[in-house]
Amino acid sequence: MSPALIGLSAAMIPLGLILSASFVPAAVRLVGGRNLAVGCSLIGALCFLGIGYLQDWVAWFVIRFIIGVVINPLYILGEVWALSLAPPSRRGRVMGVFNTLMGAGYAAGPFALTLLGTSGWAPFMVGVAGFALCAVILHAVSSKLTGFEDDGQPASGLVGFARMAPALLLAVLVSAAVQQSTYALVPVFGASYGLAEAVLASLVMALSLGNILLQIPLGLLAERFGARAMIIVCALATTVCALLLPLLITTPLIWVVLLVMGAVGYGVYTMALVELGSRFKGSVLVAGNAAFALMWGIGGIVGPPGAGLLMQGIGPLGLPVVIAGLDAVLVMFALYRSSVRRAS
Amino acid sequence: MVATGSSEGEAGTQWAALAGVTAALAMFGAAQGLSSPLFTR
Numbered sequence: 001m002s003p004a005l006i007g008l009s010a011a012m013i014p015l016g017l018i019l020s021a022s023f024v025p026a027a028v029r030l031v032g033g034r035n036l037a038v039g040c041s042l043i044g045a046l047c048f049l050g051i052g053y054l055q056d057w058v059a060w061f062v063i064r065f066i067i068g069v070v071i072n073p074l075y076i077l078g079e080v081w082a083l084s085l086a087p088p089s090r091r092g093r094v095m096g097v098f099n100t101l102m103g104a105g106y107a108a109g110p111f112a113l114t115l116l117g118t119s120g121w122a123p124f125m126v127g128v129a130g131f132a133l134c135a136v137i138l139h140a141v142s143s144k145l146t147g148f149e150d151d152g153q154p155a156s157g158l159v160g161f162a163r164m165a166p167a168l169l170l171a172v173l174v175s176a177a178v179q180q181s182t183y184a185l186v187p188v189f190g191a192s193y194g195l196a197e198a199v200l201a202s203l204v205m206a207l208s209l210g211n212i213l214l215q216i217p218l219g220l221l222a223e224r225f226g227a228r229a230m231i232i233v234c235a236l237a238t239t240v241c242a243l244l245l246p247l248l249i250t251t252p253l254i255w256v257v258l259l260v261m262g263a264v265g266y267g268v269y270t271m272a273l274v275e276l277g278s279r280f281k282g283s284v285l286v287a288g289n290a291a292f293a294l295m296w297g298i299g300g301i302v303g304p305p306g307a308g309l310l311m312q313g314i315g316p317l318g319l320p321v322v323i324a325g326l327d328a329v330l331v332m333f334a335l336y337r338s339s340v341r342r343a344s
Numbered sequence: 345m346v347a348t349g350s351s352e353g354e355a356g357t358q359w360a361a362l363a364g365v366t367a368a369l370a371m372f373g374a375a376q377g378l379s380s381p382l383f384t385r
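Chains as they are written, first to last, in this note's numbering: chain A, 1 to 344; chain B, 345 to 385.
Where hints are given, some of them may not hold.
Residues from chain A that keep clear of chain B, each with C-beta distances beyond 12 angstroms, as calculated [stated by the list, open to error]:
(1) Val-31
(2) Pro-166
(3) Leu-200
(4) Trp-255
(5) Gln-312
A short list of chain A residues far from chain B (calculated; beta carbon distances all over 10 angstroms) [to be verified]:
(6) Leu-19
(7) Asn-35
(8) Leu-74
(9) Ser-89
(10) Val-94
(11) Leu-101
(12) Gly-103
(13) Leu-158
(14) Ala-167
(15) Ala-196
(16) Ile-232
(17) Ala-237
(18) Val-240
(19) Leu-244
(20) Ser-344
With beta-carbon atoms standing in for the labels, derived distance ranges [what the hints assert, rightly or not]:
(21) B/Trp-359 with A/Val-62: 36 to 42 angstroms
(22) A/Tyr-193 with B/Ala-363: 41 to 47 angstroms
(23) B/Trp-359 with A/Ala-122: 22 to 28 angstroms
(24) B/Ala-363 with A/Leu-247: 40 to 46 angstroms
(25) A/Thr-251 with B/Trp-359: 43 to 49 angstroms
(26) A/Gly-39 with B/Trp-359: 24 to 30 angstroms
(27) A/Tyr-53 with B/Ala-363: 32 to 38 angstroms
(28) A/Gly-313 with B/Trp-359: 50 to 56 angstroms
(29) B/Trp-359 with A/Pro-166: 30 to 36 angstroms
(30) B/Ala-363 with A/Trp-57: 38 to 44 angstroms
(31) B/Trp-359 with A/Phe-225: 22 to 28 angstroms
I should point out that these hints are in silico values taken from the structure, not numbers from a laboratory. Ideal placement from N, C-alpha and C gives every residue a C-beta, glycine not left out.
Construct all of the structure, not just a fragment, from the sequences and the given hints.
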C-alpha cells in the first residue's frame, strides 16, 4: 500500500468513532448497555476474522470503519461502568487504574506483533481472542452492568450535554489533539535538533511510559484536590513541558520532561473523566461519555495535521507552540467556567 | 445504576464487576492496539 492509502486506511477507525458517537446513547436505550457491549465485542472479533480471510485493501477500508463504529460503545460503556461502579471517594484512583490497564493493553498489541510476526493467521487470532474474551468477561459480570437505560432522566443529546459541561468537552478535545500531535510529531521535532534515529523512537516510548505509569498518582491527587482543579494543574504542567521541549531536547533532562508530559497530557482526559463521573449519572453520563468520544475523535483528526502544518510554516517550534497554546486556552476557559459556576 | 448496599458481599460483587470491566477493556485495548500496525503492514 502507498503511504497515502495507509493514511486513508488509518483514518477509517477515527471516522467510524466520530460518526457513531451520536448514536451510542440511543443504542444503549434501545438494546441495553450489556447487550450492546457484548454484541459489539463479537462483531469486533468477526471483523478481525474478516480481515484475516479477505486480504483485500478495499474490504479492509470497510472493515476498519466497522471496527471504529463497534469499538465506540465499548470505550463509552467501559468508562461509564467504571465511573459508576467506583466508590465516589475512590473514583480518582479507580479511573487511574482503569486508564493504566487500558494503556498497557493498547501497548501490548504491537508488542504481541513483535513476537508473532505479521504473516499468517496468528496475529489475527490474537485480535479475535481479545475481542472474544472481552465479550465473555462482560457477559460474566453483566448482572452488575444494568439499570441506567431507563433511569427516568430526560434524553440528553450531545448538544444538550455541551451546554451543561463545555469546559469538560474542551478538555477532552485539547487532550486528544495534544496527545496525538505529540506522539506523531515529537520524532520529527527531535530529528530537527539532530537526534539519532534510535533516540527518536525512545522519545515516544518515554511519553507512553509516563502515560501508563502516572495515571494512578494523578487519580489519587484528584481525590485529594478535586478533578476540576487537577484539569487545570495538568493543563498548566503540559504547557510548561511544551515550553521546555526546545530548551532541553538535547539534554538528558528531556526524558523527565517527556515522562511528565505523557502523564499530564493524557491526565487532562483522566481528570475530565473523574469530573464527569462525579457530576453526572445514568443516561446523562452515557450521553456525556459519547460527547467525550466525539471530541476525542475530532481532536485526533484535527490536532496532528494542524501541528504538522505549523511546523512546516515556522519550523520545529510549531509543535510546542500548538501544545502550549491549546493548553493555555483550556486553562483560561476552565477558570472562566469556574467563576461562572461560583457566581450562579 | 449499581449496588449501593452497605453489606460486604455487595461491595465485593461491585469490586468484582469493576475488575471484570477493567479486564475486559484491557483485552479489547490489546486487540485494538494490534489493529493499527497489523492493518497497515
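Here is how each hint holds up against the structure:
no., hint, verdict
1, Val-31, "holds (17 angstroms)"
2, Pro-166, "holds (25 angstroms)"
3, Leu-200, "holds (17 angstroms)"
4, Trp-255, "holds (23 angstroms)"
5, Gln-312, "holds (23 angstroms)"
6, Leu-19, "holds (18 angstroms)"
7, Asn-35, "holds (15 angstroms)"
8, Leu-74, "violated (5 angstroms)"
9, Ser-89, "holds (13 angstroms)"
10, Val-94, "violated (7 angstroms)"
11, Leu-101, "violated (4 angstroms)"
12, Gly-103, "violated (7 angstroms)"
13, Leu-158, "holds (21 angstroms)"
14, Ala-167, "holds (25 angstroms)"
15, Ala-196, "holds (23 angstroms)"
16, Ile-232, "holds (27 angstroms)"
17, Ala-237, "holds (25 angstroms)"
18, Val-240, "holds (29 angstroms)"
19, Leu-244, "holds (29 angstroms)"
20, Ser-344, "holds (28 angstroms)"
21, B/Trp-359 with A/Val-62: 36 to 42 angstroms, "holds (40 angstroms)"
22, A/Tyr-193 with B/Ala-363: 41 to 47 angstroms, "holds (44 angstroms)"
23, B/Trp-359 with A/Ala-122: 22 to 28 angstroms, "violated (35 angstroms)"
24, B/Ala-363 with A/Leu-247: 40 to 46 angstroms, "holds (43 angstroms)"
25, A/Thr-251 with B/Trp-359: 43 to 49 angstroms, "holds (44 angstroms)"
26, A/Gly-39 with B/Trp-359: 24 to 30 angstroms, "holds (26 angstroms)"
27, A/Tyr-53 with B/Ala-363: 32 to 38 angstroms, "holds (34 angstroms)"
28, A/Gly-313 with B/Trp-359: 50 to 56 angstroms, "holds (52 angstroms)"
29, B/Trp-359 with A/Pro-166: 30 to 36 angstroms, "holds (34 angstroms)"
30, B/Ala-363 with A/Trp-57: 38 to 44 angstroms, "holds (39 angstroms)"
31, B/Trp-359 with A/Phe-225: 22 to 28 angstroms, "holds (25 angstroms)"
Figure legend: structure checked against the earlier numbered hints; hints not met, in rising order: 8, 10, 11, 12 and 23.
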